[in-house]
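Produce the complete structure using the sequences and hints provided.
As a plain string of letters, each chain reads:
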Amino acid sequence: MLRFFLLFLGIQLSLFGVNMLNWVQQHAVLPWTALLARISAGLVTWFDATAAAQGKVLWNTVTGFGVSIEPGCNGIEACIVLVAAILAFPAGWRSKLTGLVAGCVAVQALNVVRVISLFYIGQWNTAAFNFAHEFLWQGLIMLDVLVVWLLWVRRATRGERRDDDDPPHSPPPPDPPAAPPRRPLMSQGQGVVSGSADLSLPTRA
Amino acid sequence: MSEPASPSQRPVLLRFALIAAAGIVVLTFAWSRVSPWLSYPVAALSHIVMEQAAPLWVRSVRKAPGHIEVDTAVTVRDRPSGRLGEVTLEADPGRYAYGLPIFWALLLAAWITHRTPGRLPRALLGYACLLPVQTFSLVMYLWMQLAGAARYDAGVLFIDPWQLESIVYGYQLGVLVLPTLAPVLVWLLLDRRFFTEVIIPGWKRRR
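Same order as they appear, the protein sequences are chains A and B.
Sequential numbering of the first sequence, starting at 1, is according to this note's numbering.
Sequential numbering of the second sequence, starting at 1001, is according to this note's numbering.
Some hints here could point you the wrong way.
To be verified - Covered stretches of chain B, going by a simulated chain A footprint (3 or more residues, C-beta under 8 angstroms):
hint	region
1	1014–1022
2	1100–1106
3	1163–1175
4	1184–1193
Don't read these hints as lab results, they were simulated from the structure.
By construction, the Cβ of each residue, glycine as well, lies at the ideal position given by its N, Cα and C atoms.
Written out as structure tokens, the structure is:
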């Protein structure tokens, strides 16, 4: 458990530092944030023709109300936490890769729900918007990360147990070479010294 | 053959998630009503940390439930008027303390779904464990305000550029990640029985 925590914190802090680099912000974070706004606007316009996206802002063309998707709202920090948790947990790389892809999709999907819900809550009530934006959705997104990770851990460890339990499908290994002839034991059967390298007691032929 | 999840265990995680989500909604709302008092220790700890870590910056600190105000000794020039003035920082100590209802919701959900004992001691212990993290977030938020007032000029703040970079990094970490991550980590540490018995039975024994 301690190893997991230390590894998790190391990966988390490193990825977060990388995320803050100007180059990463310009070439990955901001384009992703703009794409998130467009995805949110695309979904909203299915049932609300007054919504539009401009850069990282999702806004209502009639009322003028808009929400700007800023760092902390684009789900990247939540994905970093999930990535660090999956990478730090002892599991196979195929399992980790599946968890990373499916987990990040799940986190970003809920984040789109968050952006859209805040867009409408903000048009309804400013106090409710502040509460939902500053406190409530932060906790729910992290709960999403936790649940996704717990699901992945259960699946990964179950797969590992299955690997442990299943008999191997490959042909059985060849018989070990015959043991070299042992020196005769002392006649009294006491003071026996093993002739094998692993210090196991010698067997009587 | 694959080991199937037992029928009683399969919905535990779903129930846990739903109860935790509902708990976060209810407890966060309840916490927002009493946050000024619950987060007062955060203000008190922040006062101590700022005086110990950066005594040159702090002239005086005033605390009240839901409010902390720091008079600094850092002088900056006001751009429009050109006048010099000392920076005063203000914050709500509960602004980044909303991890407490998240932690309590996780504890509650684990108790309802798995009946793990020792809820009240863990709830209080978790509250105490979260205070240093919340203090870190608040101090970083105040120092970032100060750095912003100084227009990110390390010379004005009497510090090295790497220290200014550290404040920026610490602020991002303390504001964007730690308020929600810390309660989850504290819950995993304090409620290991739920994790090892429900999520991965036997993992702890094997690792």
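Verification of the supplied hints:
1. 1014–1022: holds (count 4)
2. 1100–1106: holds (count 4)
3. 1163–1175: Check passed, 5 qualifying residues.
4. 1184–1193: holds (count 4)
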